[in-house]
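Student: Here is what each chain is made of, one letter per residue.
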Amino acid sequence: MRRFDLLEQVKKQNPLVHNITNIVVAGDSADGLLAIGASPIMASAAEEVAEMAAASDVLVINIGTLDAELVRAMKQAGKAANEAETPVVLDPVGVGATRFRRKVVAELLEEVKFTAIRGNAGEMAVLADIAWQGKGVDAGSGDADQVEIARQVAKKYRTIAVLSGASDVISDGDQFAKITNGSKLLPRITGSGCLLSAVCGAFIAVSPTDAAYLACLEACASYAVASEFAEEKLGSANLPGSFRPVFLDALANWSKEAVQERVMLEERSHPE
Amino acid sequence: MRRFDLLEQVKKQNPLVHNITNIVVAGDSADGLLAIGASPIMASAAEEVAEMAAASDVLVINIGTLDAELVRAMKQAGKAANEAETPVVLDPVGVGATRFRRKVVAELLEEVKFTAIRGNAGEMAVLADIAWQGKGVDAGSGDADQVEIARQVAKKYRTIAVLSGASDVISDGDQFAKITNGSKLLPRITGSGCLLSAVCGAFIAVSPTDAAYLACLEACASYAVASEFAEEKLGSANLPGSFRPVFLDALANWSKEAVQERVMLEERSHPE
Amino acid sequence: MRRFDLLEQVKKQNPLVHNITNIVVAGDSADGLLAIGASPIMASAAEEVAEMAAASDVLVINIGTLDAELVRAMKQAGKAANEAETPVVLDPVGVGATRFRRKVVAELLEEVKFTAIRGNAGEMAVLADIAWQGKGVDAGSGDADQVEIARQVAKKYRTIAVLSGASDVISDGDQFAKITNGSKLLPRITGSGCLLSAVCGAFIAVSPTDAAYLACLEACASYAVASEFAEEKLGSANLPGSFRPVFLDALANWSKEAVQERVMLEERSHPE
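Which chain is which? The protein sequence lines are A, B and C, in order. Residue numbering for the first sequence follows this note's numbering, starting at 1 and increasing by one per position. Residue numbering for the second sequence follows this note's numbering, starting at 1 and increasing by one per position. Residue numbering for the third sequence follows this note's numbering, starting at 1 and increasing by one per position.
There's no promise every hint is true.
Which copy is meant is left open, because identical chains are indistinguishable; a pair holds if it fits in one copy or across any two.
Listed next, the in silico DSS-like pairs over lysine-lysine satisfying Cα-Cα at most 27 Å (straight line) [unchecked claim]:
#, residue 1, residue 2
1, Lys-184, Lys-155
2, Lys-184, Lys-156
3, Lys-178, Lys-75
4, Lys-11, Lys-75
5, Lys-156, Lys-12
6, Lys-184, Lys-233
7, Lys-184, Lys-12
8, Lys-178, Lys-155
9, Lys-156, Lys-11
10, Lys-79, Lys-184
11, Lys-233, Lys-75
12, Lys-256, Lys-184
13, Lys-75, Lys-155
14, Lys-103, Lys-256
If you are wondering where the hints come from, they were derived from the structure by calculation, not from laboratory data. Remember, it's a predicted structure, so these values are computed and weren't measured experimentally.
With the hints as extra help, turn the sequences into a complete structure.
Tutor: See the structure below:
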C-alpha cells in the first residue's frame, strides 16, 4: 500500500515554492501553500526571477493572466531553474482559450523542461493535440479517454502529466494512477486547480528527483481527501463561500492515516 | 410583477464572462461569478484580449488598477467585443480620484460602446459631470439627486446606468427603477461593487440584446436580496470578515421566489 | 498608561490609505483596512500615483511583487508624498531574497523619506546590514538581538522601525517598545505582515506628525490583541482558513478597553 507520507515531509521541510502566477489566485495559492506547511514566494520581475528560481526548492509557472513581460520572466525563471536542477511545474491555465496562450505554452514547453504539468481535461487535450471542446478556463467535455490524454502529454513532453477533475489521472507515460476522491465543491472555488499545481510542486520539492510521479500521486490523493473532509464539515453541498476557509483548515490538518483510509486509487500500466 | 428569473438562466447557461479587472478584486470577482453559476475568465494581455472578448458572452472592463498597457488592452478588447456584438460593461472605479482615470474613462467611452455602466454615486456623478464630493474609491456625498445622475449617464452615453449604493438606481434614460434592498455589510467588503458589475454582465449575457435594462434591474435586486440573507444568517451587523463567505453562499443559493418576495422596487418614468 | 485610542480615531476619520502593493495581498489588505474603518485605495500607474499619493492621508509602499514599471511608480509616488507631507510607510517584503529587491529598496530609501518601515526580523536585518539567515519572504532566524536590529534601522534611516514577529519591537532609535501579544495563527495567513504595515499607515494618518512612534506602537498592540481574540473565538490553534474571516471580524470590533486590558508591553530607552 502507498504510504502517503509526503504530506508530513512538506510540514517538516517547509519547501520554498516560487510561484510565477496570476492576479486571480496569487493570494489563495499562497494561503493554501502556507496551510500545508510550505513556504510560498511570488516573484515575477525579469530582474529577479532567475535568482529566485535557482534558490527555491521548486518553481511553479501558471499562465492564468499573462502579458509579454511576464512571459519573458517565465522563460528566464524556467531556464534558470533547469540549470540549477530546481524542478519546474507548469499549469497551462486556459491554454485552449486563445492563440496567444497556445503560442506561449508551446514556447515554454520548447525552452523549459518541466518535471510535471497539471491541467484539466480541456487544457491537457490541447497539449496532447487531441480534439476536445473547452470553454474559457473550464474543463469542457469530449469523447477522448482522459487516461489516454494524460499518457500522450507525459510521453510527448517527457513529464509527469496530472489531469485533474472529477477524477484525477497521473501518468508518467508508462504507468498511470486514477484517483476518484474529491468534493464537488472544489471546482466551485476559483483556483482550486492552480493550488493543486502548487501542492504538486511542494510534494515534488521534498521528493527524490526520480520520484515526481509518486509525489504528484500523493499530492492529488491528499488534496482530494482533504476536500472531502471539508465538504463533510459543512454538511451541505452548495456552500462554496464557506468551503474555501474550511478547505484550508482541512489542508492544514490532513494526515497520512486519513489519506490511506480514504483514498480510492487505481494503479495500472498503460497498455502498449 | 417582475419575474426575476434571469438568475436561473445564468445557472442554466453558465455564460462566459471575460473580465479585464484589477489586482484587488480579481479573485473575489471570480469566486462570485462561480457562485452564481457563471464561468469567469480573466485575461488582459494585449495579444489575446480581442480574441477572448469576441469569444465570450460578455466583457466587463474594470479600471480599479491601471497601467498604460492595460488601458491599451481594454480598448482593444472593447472594440473587438463591439464588432462581435458581445455586450460590454464598464466599472469606472474611482474615476474621480485622478486626472489619469478621468482621461482613461473618457477615452474608453469615446472608443467603445457600453451596454451598461455601473458605479457608485461619486463615480457616476463624474461621468454625468455633476458636482459631487468623492474620496478615493468611496461614493462620497453630494446634494444631487441620484436618479438624475443615473438618467444623465444613461442619456449621455446611450447606455444602461446602474448607480449602486444604499439604494440602487437603474436607468435607461427614459425609465428608472429604484431598489432599496441590501445589507449594510456590502460596502464593508472590498469589491462588492466590482462584483455587482460582473453580475450585471452575467445577467446581460443571458438576456436578449434589447433587454439590458431589465437584466441590470434583476441583477441588482437579486444581489441586494442575497446580501440581506447573508446578513440575517450572521445575525449581527458588524462581522465583515464572516460576511464574505456567507454572502458567496447566499449568491449560490438565491432563488427567484426569494427575490420576488423580498424586493423593494419602485419603477417609474423619468419626468420630461 | 497608554490610552490606545487611535483605533477610534481611525474609525472616526476614515483616513484614505494609498497602497502600492502586490498581487498577492492587495485584496486582503483592502479588506483589512475597510474592517478597521480606513478607506483603502490601490493605484500604481505611473500616470496617477503622484496625484493619488498627494491627495491621500498616507502612502504605503509594499515591494511584494515588483517589476521595473512598478518601481518607477513607487519612486514617483514616494517623492510626491514627501513634497505634499503625506507620510509614507515602507514594507520591504523579502528584501533579502534577491539582489534586485535589495537594490530597489536601497534606491527607495535613498530617494524617499519614510515615516516608518515595517518588516520581519530577516527583512529588517538586511536593512540594518546585520547577519541573519532568511528564506524567501519568511523571517528566518539569527542570533542578533531584535531590539538592536530595530534600533539600527531607526537610526540609519531616521524612521520608526517596526520589527514584527512572535514579539513586535518598535523603535525610534532612542526608545523602544516590545509587545509580546499575538496569535500564532497570524503568520499562517498570507499578508498578515503586509496588512500590519497598512494598519500602521492608517494609525500614522490620524496622528500628529511627531507621533508616528506612538502610532506604530498602538497599531501593533491593537493588531496583536485582535488576533488573540480571533484565535480564542476559534477555540483551536490550527484553523488558518477560518482564522482569516474571524480576524477581520475582530479588527472591525476592536476596542481601546480590550487593548488596554490585554496588552503586554515593555517600554524602555535604548542603552547608549
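Student: Each of the hints needs a verdict: does it hold here or not?
Tutor: A quick look at each hint next to the structure:
Taking the shortest alpha-carbon separations for Lys-184 and Lys-155, neither the intra-copy value of 30 Å nor the inter-copy value of 45 Å comes in at or below 27 Å. Taking the shortest Cα distances, Lys-184 and Lys-156 never come within 27 Å of each other, neither inside one copy (31 Å) nor across copies (46 Å). Within a single copy, Lys-178 and Lys-75 get their C-alpha atoms no closer than 31 Å, and across copies no closer than 45 Å, so neither meets the 27 Å cut-off. In this assembly of identical chains, Lys-11 and Lys-75 lie within 27 Å of each other by CA distance neither inside one copy nor across copies; the values are 30 Å within and 39 Å between.
Taking the shortest alpha-carbon separations for Lys-156 and Lys-12, neither the intra-copy value of 34 Å nor the inter-copy value of 37 Å comes in at or below 27 Å. In this assembly of identical chains, Lys-184 and Lys-233 lie within 27 Å of each other by CA distance both inside one copy and across copies; the values are 14 Å within and 24 Å between. In this assembly of identical chains, Lys-184 and Lys-12 lie within 27 Å of each other by CA distance solely across copies; the values are 17 Å between and 30 Å within a copy. Only within a single protomer do Lys-178 and Lys-155 lie at most 27 Å apart by alpha-carbon distance; the minimum there is 17 Å, versus 58 Å between protomers.
Taking the shortest alpha-carbon separations for Lys-156 and Lys-11, neither the intra-copy value of 33 Å nor the inter-copy value of 38 Å comes in at or below 27 Å. In this assembly of identical chains, Lys-79 and Lys-184 lie within 27 Å of each other by CA distance neither inside one copy nor across copies; the values are 37 Å within and 38 Å between. Neither within a single protomer nor between protomers do Lys-233 and Lys-75 lie at most 27 Å apart by alpha-carbon distance, with minima of 42 Å and 46 Å respectively. Proximity of Lys-256 to Lys-184 under the C-alpha cut-off of 27 Å is found in both arrangements, the shortest distances being 22 Å within a copy and 24 Å between copies.
Within a single copy, Lys-75 and Lys-155 get their C-alpha atoms as close as 22 Å, which meets the 27 Å cut-off; across copies the closest is 41 Å, which misses it. Taking CA atoms no more than 27 Å apart as the test, Lys-103 paired with Lys-256 passes in neither setting, with 40 Å inside one copy and 44 Å between copies.
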